[in-house]
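Novice: Since the structure of chain A is provided, determine the placement of chain B on it from the hints.
So you can see what is in the structure, the chains are spelled out below.
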Amino acid sequence: DAEITQSPRHKITETGRQVTLACHQTWNHNNMFWYRQDLGHGLRLIHYSYGVQDTNKGEVSDGYSVSRSNTEDLPLTLESAASSQTSVYFCASSANSREQFFGPGTRLTVL
Amino acid sequence: QQPVQSPQAVILREGEDAVINCSSSKALYSVHWYRQKHGEAPVFLMILLKGGEQKGHEKISASFNEKKQQSSLYLTASQLSYSGTYFCGTGYGGSQGNLIFGKGTKLSVKP
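Chains A and B, in that order, are what the protein sequence lines are.
Residue 1 is where the first sequence starts when you use the working numbering, and the numbers rise one by one after that.
Residue 1 is where the second sequence starts when you use the working numbering, and the numbers rise one by one after that.
Looking at chain B on its own, in the form it has when it is part of the complex:
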């Protein structure tokens, strides 16, 4: 039931783009994205609800494909501050708020 994130790790140069995917084997109601920097707590980025919604946060956006049961996080023109581990958390109908998190994707942005 844990969503699968890919890739597990990615290394970028400043200014490059990246895509992180999150796939579920079960029908999704919502997808949350969080970023965690080393030694810190996860911080919320955005929520997507079923309906093919797309959202943006600075140069970070995400899509939610209900039929494919997956979400993708797009990081455009990456900055050093984007480094960290990105987690998707999936919510299911009737869950009322609790999420199942993927194992994370470690993103390293180099100068």
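This is chain A alone, in the form it adopts within the complex:
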């Protein structure tokens, strides 16, 4: 069965370190998205991609970067982790404007 996975599921890191969160989907979807979820804010879009080599900034992209070298993967990198980036991160994918399928999430703590 097709699926979307994220790794690691939990991560603790220190301020200033570079962190990469992985997202892998086997739906063969063109669209992939990264969100962060914080209490009181709902889901906020960080970056998104409509296909290989395409990446776009979302509403809260500062301090984050993504790259899309193949259809299946969209890794999210925190260049220099800050305590304000402690959050739950969700990756999602979709075919065009259809429903988004979400991964299980990664809980990141920056100390």
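Simulated from the structure, these hints should not be mistaken for laboratory data.
For glycine and all other residues, C-beta sits at the position ideal for the given N, C-alpha and C.
Treat the hints with care, as some may be off.
[What the hints assert, rightly or not] Facing chain A, a subset of chain B residues (Cβ under 8 Å, in silico):
hint	residue
1	His-32
2	Ala-41
3	Pro-42
4	Ile-47
5	Ser-83
6	Gly-84
7	Phe-87
8	Gly-91
9	Tyr-92
10	Gly-97
11	Gly-104
[As the list claims (entries may be wrong)] No farther apart than 30 Å at their CA atoms in a straight line, the calculated lysine-lysine pairs in the DSSO-like style are these:
hint	chain 1	residue 1	chain 2	residue 2
12	A	Lys-57	B	Lys-103
13	B	Lys-37	A	Lys-57
14	A	Lys-57	B	Lys-68
15	A	Lys-57	B	Lys-50
16	B	Lys-106	A	Lys-57
17	A	Lys-11	B	Lys-37
18	A	Lys-57	B	Lys-26
19	B	Lys-106	A	Lys-11
Specialist: Chain B only, in chain A's frame:
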């Protein structure tokens, strides 16, 4: 630009009905509804496209009023399994699939 959801929280007894609203300040192309249970990923419920479409999913249905730039989610004869946080995600013309999510409505169904 983030859509406004109301109410922020609602408590129901099993069998009662509820309505959750989602309003945008900008013209909408589509509205997605998702439900998220505690500690889990959001799960897709339905999509509505501009045109006043109404859809149903079990005892959950939704409407989309293009002129008012809003959508409503109707939960009929609520069950314990309906508990969770409901998010609307709004799509705009030319967005090609990325959504802006509201802050969510927490629904608690009590026996």
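Novice: Now look at each hint and say whether the structure bears it out.
Specialist: Comparing the hints with the structure gives:
1. Residue-level restraint check for B:His-32 holds (minimum Cβ-Cβ distance to chain A is 7 Å; threshold 8 Å).
2. With its C-beta approaching chain A no nearer than about 4 Å, B:Ala-41 sits inside the 8 Å limit, and its interface hint holds.
3. A cut of 8 Å between beta carbons decides the hint on B:Pro-42: the least distance to chain A is about 5 Å, and the hint holds.
4. Given hint, B:Ile-47 at the interface with chain A, holds; its Cβ is 6 Å from that chain's nearest Cβ, closer than 8 Å.
5. The interface hint given for B:Ser-83 is broken, as the beta carbon of that residue sits about 18 Å from the closest beta carbon of chain A, more than 8 Å.
6. Because the smallest distance between the Cβ of B:Gly-84 and any Cβ of chain A comes to about 13 Å, over 8 Å, the interface hint for this residue is violated.
7. Interface hint at B:Phe-87: satisfied, since its Cβ lies 6 Å from the closest Cβ of chain A, which is below the 8 Å cut-off.
8. Because the closest C-beta pair between B:Gly-91 and chain A is about 6 Å apart, less than 8 Å, the hint holds.
9. A cut of 8 Å between beta carbons decides the hint on B:Tyr-92: the least distance to chain A is about 11 Å, and the hint is violated.
10. Of the supplied interface hints, the one on B:Gly-97 holds, with its beta-carbon coming within about 4 Å of a beta-carbon of chain A, less than 8 Å.
11. Taken as an interface hint, B:Gly-104 checks out: its beta carbon lies about 5 Å from the nearest beta carbon of chain A, inside 8 Å.
12. Between A:Lys-57 and B:Lys-103 the alpha-carbon distance is near 20 Å, which keeps this suggested pair within the 30 Å criterion.
13. At most 30 Å may separate the alpha-carbon atoms for a hinted pair to count; B:Lys-37 and A:Lys-57 meet this at roughly 28 Å.
14. The suggested pairing of A:Lys-57 with B:Lys-68 holds, with an alpha-carbon distance near 29 Å, which does not exceed 30 Å.
15. Annotation: proposed proximity of A:Lys-57 to B:Lys-50 holds, straight-line Cα distance about 26 Å (limit 30 Å).
16. With a C-alpha separation of about 29 Å, the suggested pair B:Lys-106 and A:Lys-57 falls inside the 30 Å cut-off, and the hint holds.
17. Straight-line distance between C-alpha atoms of A:Lys-11 and B:Lys-37 comes to about 22 Å, which keeps the hinted pair within the 30 Å bound.
18. Simply put, A:Lys-57 and B:Lys-26 have alpha-carbon atoms about 20 Å apart, close enough for the 30 Å limit, and the pair holds.
19. Annotation: proposed proximity of B:Lys-106 to A:Lys-11 holds, straight-line Cα distance about 27 Å (limit 30 Å).
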